[in-house]
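Take the sequences, apply the hints, and build the full model.
Heads up: the protein sequence lines correspond to chains A and B, in order.
With UniProt numbering, the residue at position 224 of the first sequence is 224, and numbering never jumps.
With UniProt numbering, the residue at position 110 of the second sequence is 110, and numbering never jumps.
Just so you know, these hints were derived from the structure itself, not from any lab.
On a predicted model such as this, the values are computed, not experimentally measured, just so you know.
Do not rely on the hints blindly, as some may be mistaken.
[To be verified] Cut-off 20 Å, straight-line C-alpha distance, at most; resulting in silico cross-link-like pairs (SDA-like, lysine to any residue):
#1 A:K651 with B:H75
#2 B:K222 with A:A628
#3 A:K624 with B:H75
[What the hints assert, rightly or not] FRET-style restraints, in silico, Cβ to Cβ:
#4 A:P660 with B:T219: 20 to 30 Å
#5 B:P288 with A:G654: 15 to 25 Å
#6 A:V91 with B:T62: 48 to 58 Å
#7 B:G85 with A:N241: 35 to 45 Å
#8 A:E639 with B:Q202: 15 to 25 Å
#9 B:G108 with A:R55: 44 to 54 Å
#10 B:A142 with A:F108: 46 to 56 Å
#11 B:A142 with A:D107: 56 to 66 Å
#12 A:F564 with B:G108: 16 to 26 Å
#13 B:D118 with A:P660: 16 to 26 Å
#14 A:E639 with B:P270: 33 to 43 Å
#15 B:G85 with A:W366: 53 to 63 Å
#16 A:G654 with B:T219: 19 to 29 Å
[Unchecked claim] Pulled from the structure, derived: some chain A residues nowhere near chain B, Cβ distances all over 10 Å:
#17 D116
#18 L648
#19 N659
Where is the CB? At the ideal position from N, CA and C, for every residue including glycine.
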Amino acid sequence: MTSRLKRKLGDIGVDPSSARANENFCLVSIGTPLPPLEKSRDTGEFVPLWKQEVRDEKGRRRLHGAFTGGFSAGYFNTVGSKEGWTPQTFVSSRSDRAKKKVAKPEDFMDEEDLQDIRDSRKIVDTTDEMDFSTGKQPEVQDDPDADPLTAALRTAMLPPTNDSVGARILKKMGWRVGQGIGPRVTLKQRRLQDLKASTSTGYHLPQTAPDIAVDEDSEEANKHTYAPRDTPILIVERKDNSHGLGYQPGMSLNDSLGVKGSSGRPGPNISSGFGLGALNDADEDDLDVYDSGSANVRNRLAYDGTDDHDRERSSLGGSKSKSVSGPTLSSGKFRDGGAVLPGFVLSDKPVMEDRWYPLPDIPPGWKPDPKRVWSQSQPQEPAPSANKENIKNDATTALPHGKWKTSGLSADEVSHTFSNSNPTKPFTRGSILGETPLPAAPRSVFDFMSQKDRERLKNIAASLHPPSTGEPSTATEAASQSSLTPTPTTATPRIPRIDPGIARAAINGFKPFSTNPVKQARYTAYLQSQADPSSTITLEPLSNQSIPEFNSEMDEYAQSAIVFKPMSGAMAGRFTTAAVVEHGPKVIEGLHTPAFKDEPPQDDNAATADKGKETKDEKELSPKENAARLGMYGPLTRESVLWQPARLLCKRFGVKDPNPEPKPEDPTTQPSASYTQDPSSSDTAMAQDVSAADYGIVTTTEASRSTSTGGPRDLANVGLGDEDDTQGRDTLTYERPSIDIFKAIFASDDEDSSDEEGDQTVDGEPDLPITTNSNITVAPIVATVTENQPVDPNTFKPTFVKREARTTKTDSERQEKKDKKEKRKEKRKAIVSFMDEDDAGESLKLVVEKPKKKRKKDKEKEKEKIKETPESAPRGRKRAIDYM
Amino acid sequence: MAPSRGPLPLARNLHVTLDGHKGPVNVARYAKGSAKYILTGGQDRTVRLWNASLGTEIKAFTAHGYEVLSISVAHDNAKFASSGGDRSVFVWDVTTGTTTRRLPGHMGKIHAVEFNEDASVLASGSFDSTVRLWDMRAQSRAPIQILEEARDAIQAIHIDSTTILTGSVDGYVRAYDLRQGELRSDYIGHPVTAVVPTQDSQTLLVTTLDSHIRLIDATNGKMLNDFTGHTNSSYRCRACFGHGEASIVCGDENGMVWAWDLLDAKLLQPNPPPQVHSKVITWTEHHPSDAGEMITSSADGTCKVWRHPA
Chain A
1 MTSRLKRKLG
11 DIGVDPSSAR
21 ANENFCLVSI
31 GTPLPPLEKS
41 RDTGEFVPLW
51 KQEVRDEKGR
61 RRLHGAFTGG
71 FSAGYFNTVG
81 SKEGWTPQTF
91 VSSRSDRAKK
101 KVAKPEDFMD
111 EEDLQDIRDS
121 RKIVDTTDEM
131 DFSTGKQPEV
141 QDDPDADPLT
151 AALRTAMLPP
161 TNDSVGARIL
171 KKMGWRVGQG
181 IGPRVTLKQR
191 RLQDLKASTS
201 TGYHLPQTAP
211 DIAVDEDSEE
221 ANKHTYAPRD
231 TPILIVERKD
241 NSHGLGYQPG
251 MSLNDSLGVK
261 GSSGRPGPNI
271 SSGFGLGALN
281 DADEDDLDVY
291 DSGSANVRNR
301 LAYDGTDDHD
311 RERSSLGGSK
321 SKSVSGPTLS
331 SGKFRDGGAV
341 LPGFVLSDKP
351 VMEDRWYPLP
361 DIPPGWKPDP
371 KRVWSQSQPQ
381 EPAPSANKEN
391 IKNDATTALP
401 HGKWKTSGLS
411 ADEVSHTFSN
421 SNPTKPFTRG
431 SILGETPLPA
441 APRSVFDFMS
451 QKDRERLKNI
461 AASLHPPSTG
471 EPSTATEAAS
481 QSSLTPTPTT
491 ATPRIPRIDP
501 GIARAAINGF
511 KPFSTNPVKQ
521 ARYTAYLQSQ
531 ADPSSTITLE
541 PLSNQSIPEF
551 NSEMDEYAQS
561 AIVFKPMSGA
571 MAGRFTTAAV
581 VEHGPKVIEG
591 LHTPAFKDEP
601 PQDDNAATAD
611 KGKETKDEKE
621 LSPKENAARL
631 GMYGPLTRES
641 VLWQPARLLC
651 KRFGVKDPNP
661 EPKPEDPTTQ
671 PSASYTQDPS
681 SSDTAMAQDV
691 SAADYGIVTT
701 TEASRSTSTG
711 GPRDLANVGL
721 GDEDDTQGRD
731 TLTYERPSID
741 IFKAIFASDD
751 EDSSDEEGDQ
761 TVDGEPDLPI
771 TTNSNITVAP
781 IVATVTENQP
791 VDPNTFKPTF
801 VKREARTTKT
811 DSERQEKKDK
821 KEKRKEKRKA
831 IVSFMDEDDA
841 GESLKLVVEK
851 PKKKRKKDKE
861 KEKEKIKETP
871 ESAPRGRKRA
881 IDYM
Chain B
1 MAPSRGPLPL
11 ARNLHVTLDG
21 HKGPVNVARY
31 AKGSAKYILT
41 GGQDRTVRLW
51 NASLGTEIKA
61 FTAHGYEVLS
71 ISVAHDNAKF
81 ASSGGDRSVF
91 VWDVTTGTTT
101 RRLPGHMGKI
111 HAVEFNEDAS
121 VLASGSFDST
131 VRLWDMRAQS
141 RAPIQILEEA
151 RDAIQAIHID
161 STTILTGSVD
171 GYVRAYDLRQ
181 GELRSDYIGH
191 PVTAVVPTQD
201 SQTLLVTTLD
211 SHIRLIDATN
221 GKMLNDFTGH
231 TNSSYRCRAC
241 FGHGEASIVC
251 GDENGMVWAW
261 DLLDAKLLQP
271 NPPPQVHSKV
281 ITWTEHHPSD
291 AGEMITSSAD
301 GTCKVWRHPA
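Below you can see the structure in the form of structure tokens.
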């Protein structure tokens, strides 16, 4: 044993000199235990997050924790050596010239980047579709004479061919590439085939082509026969767009009409994967960056085209660009491939040419003033008439489209009426040209009615205003009406639902229609109706609003509620509403078209008056701003509101709290309006300003809801449970009245007060709620007169005495105690039973049956009535103790 | 010297120039008490303490990470508060030069800070349009109350014994009266950049960005006087009262210091005043007690102390 070992043994308390300290013992107990076998550990074992390590592919540890070195661990994560990375030194000598190195991006990449690049270079050949890769070595078997070694070498070195199954079968049958299929043909036949191929599909080829003349020098060639040409494959391109037939994206009008389009596809190369809409122009994003140029690169042959040596023949791909390059296009074939009828020649001029006329000379100083034109047309505007018949008579200009649609006139009728004043109406043009009139809608029933009947119908229609349909009196009239105004008859007011939470949030949120108070009021009302599904606020269409308009308005509100609901929580605190409310002019999108007023202004005075009113309105919008602008500071620009400083703030400033906390008020004193509307929110205030009824907001608030809490209680309902929320609250919060009250009520004058006192104290907690019941049946007042000294309820405590001692107690005492118990029990019962509905009446009585005074004789009777027996006393005592 | 009617002429003799700041000086405040010292805060993120009569820089307080926009000195000169681009209020101990509190909570630049009279409450007004009232007595870092009535950035705060005055870019001067529990908002109509009340708190001097300075009656919001002539349309140029509140002094964006008679709103001579700063004058403050001293700070990087020739 070495001295070290001895010392170690001494450290662990083993006497080295003892017999037990032999070699074996040392090995067993001192030697380091072998680590557990790593192999046996489950590699997929769960490792807690803090034990997991990130290692790169070389096993170096990445992502050192802050306490194990941080970024400085592992040689600063650089190159894994202590010296780090040494920059390359430039060495150049006469004998060994340094080569001028051009820095490549790869020089600055690490292994991962390089690996990425390598991965990205693996080109996926999208054209290689026909690879049934099961037959990779087709030619191995077809020369069995070759020795296996050569075959193996060939399969290893040659790239696998991409022949299709058909090509492979053909090859097995002895066909070779370029040899065609079928018997060999003469030169002439072959030329014919070439021609056929060049015109691709070849519908009506002239059987004898004059241009296939055999040359003089091809006499030699005539002696031989040739392999036939490959049959062109008919490739039908899938039409995955919605263009018209023959249309190519980016084709101009001239292209589509003339021959100029033959110069190839003008548009960019669109990715074939995208179906472009007819209106979509191709832009840079649609370019297929992976499409390698044009379609003629694609392998359209059934066999592997790489070993095709016959380059001189035109390829049979069938792509347009190739077919266009044929020599006989202009005479023989339309652009879409259809052959021209024999005897016709395709024109090479466009059908229609745009003619451009030079602009007229604009007089100097002329300025475009569309208003002048509009104002010219204004006085010619037809007088306002809801009367459709009148339109026929005095119309000089075209009707607006909408009116025209609803006027019930067919196209030719309208144009008939206009034809006098304006000779270039479509109908007149059509009649000049000799067109047959358009198949118009069948004439309206109105046309066959007398003037009187029409008047009558019109009056009926006017009386039923909002839905513009008149009341049909007969079936035919109904039919005619529905043909007149097809949609509104079926439409019903429809109010979209939104989530109450969203609606509540949107009420407090942005007010999107603040420039239009009417709309905003309706919007608010809509939100309120949605926020509280049980609310009775209903929206109705405005008087001048049709039901579809109303529906779209409601849809708009629902949309705005979703859009403008305020952000919740922390985000909401970061924004405030803008101070300035936009009261700017309402901008109508689109081109300005003069709004033809129904009523032309009577005279200039009216117009100026209108203008004055408008400016006044503008002023009324912001009196405060106007006052400030005019320097009229003072009451107009000042507003005072109540402000509640925090209590701590008042304390710090040494100021008394100006608005001390209001005492918790009885809920009945609160205004009933708070149940339906939040008075603090300004928009509801606005809604009240603009009288709500005008906007169709019907608020049928049940007044009973507020009176249910506020009104006097109906005694007949007391105790029925469902009509009063506050029922029982006074029971729970009951405070014992002072003894004087009880005295005043229950004590008669002749009773001596000591007796009274004792009675009270015996009762302990006396007394029970509800004293206002009118039909109280005053029960015989029970009194317990105590023989012993009075018991003070504050100091009284039940004491446990031995059974012997208890039995020795006087009978009277026991009885007295029992009485007490009994009374407590009654009391208890009363309190409890008030909750129960079934014996409510009884309990009410019990409550009043307040044991108060009783003479001794009565007491005995009372005892009899109460069916307590002395035997049951122990149980009762226990319960009495429980009560305390 | 015969008793002169009207205000004393303005102190227009340059006494010293305090040019320690490296960028625009945004604010310059006198210390309390005898006001022998000046605190300036600048765009260079420092607050500097100067001796007004000698013009020497005593100390630079550097903890701000952004520009300093406002300074308020406590009543006992023991501490001051500063605020600026870094959305917290810094409360400094003057002697040690360290911050004792940093009160975060605002969501934007803090344009104004103000102590109340016994420095138990600090108010800060920010670009986020709120005024936060901080308790300087308790350890709690939460504001006592947040005044959120303003609709735009708060540019000016003044606190007197029972009222908190705020001026906001939304064109309102708001007076939060603690004693009456009332908020009186006066609509001025133009962005308010400074609100300075008179000693008796009866009138307010309101500087707005329409090149007007208005004297507003605090009790009913009426305008008592309107002072114009200077140029102030885009910068905060704080106007102040001259000595004895007999005149109005304001530096404008052309570097000129203008003075008006308080009563008849007439410009005091010289008219037009000479240009004394090369850039916009951001702050003007008259000495609280000395009749012949005032300071101006400017975006040209200097703060100047003006005195009467004596």
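Hint by hint, here is what the structure shows:
Among the hinted pairs, K651 (chain A) with H75 (chain B) is consistent with the structure: their alpha-carbon atoms are about 18 Å apart, no more than 20 Å. Restraint check for K222 (chain B) and A628 (chain A): the C-alpha separation of about 10 Å stays at or below 20 Å, so the hint holds. For the hint linking K624 (chain A) to H75 (chain B), the alpha-carbon distance of about 38 Å lies beyond 20 Å, and the restraint is violated. Here the CB-CB span from P660 (chain A) to T219 (chain B) is close to 25 Å, well matched to the stated 20 to 30 Å.
Distance hint check: the CB atoms of P288 (chain B) and G654 (chain A) are about 23 Å apart, consistent with the given range 15 to 25 Å. Take V91 (chain A) and T62 (chain B): their Cβ atoms lie about 52 Å apart, and the range 48 to 58 Å holds. At roughly 57 Å, the beta-carbon separation of G85 (chain B) and N241 (chain A) lies outside the given 35 to 45 Å, and the hint is violated. At about 20 Å, the CB distance of E639 (chain A) to Q202 (chain B) agrees with the hint of 15 to 25 Å.
Distance hint for G108 (chain B) and R55 (chain A): a CB-CB separation of about 47 Å, consistent with the stated range 44 to 54 Å. Range check, A142 (chain B) to F108 (chain A): Cβ separation about 53 Å, and the 46 to 56 Å hint holds. Taken as a hint, the range 56 to 66 Å holds for the pair A142 (chain B) and D107 (chain A), whose Cβ atoms sit roughly 58 Å apart. A C-beta distance of roughly 24 Å is found between F564 (chain A) and G108 (chain B), which places it inside the suggested range of 16 to 26 Å.
Hint check: D118 (chain B) to P660 (chain A), Cβ distance near 24 Å, so the stated range 16 to 26 Å holds. Between E639 (chain A) and P270 (chain B) the beta carbon distance is about 41 Å. The supplied range of 33 to 43 Å therefore holds. Between G85 (chain B) and W366 (chain A) the Cβ separation comes to about 56 Å, which falls inside the hinted range of 53 to 63 Å. Taking 19 to 29 Å as the suggested C-beta distance range, the pair G654 (chain A) and T219 (chain B) conforms, at roughly 22 Å.
Residue placement check: D116 (chain A) keeps its beta carbon more than 10 Å from all beta carbons of chain B (closest about 41 Å). Not every CB of chain B lies more than 10 Å from the CB of L648 (chain A), the least distance being 5 Å, so the non-interface label is violated. The non-interface label for N659 (chain A) is inconsistent with chain B: the shortest C-beta to C-beta separation is roughly 4 Å, within 10 Å.
Of the numbered hints listed earlier, those contradicted by the structure are 3, 7, 18, 19.
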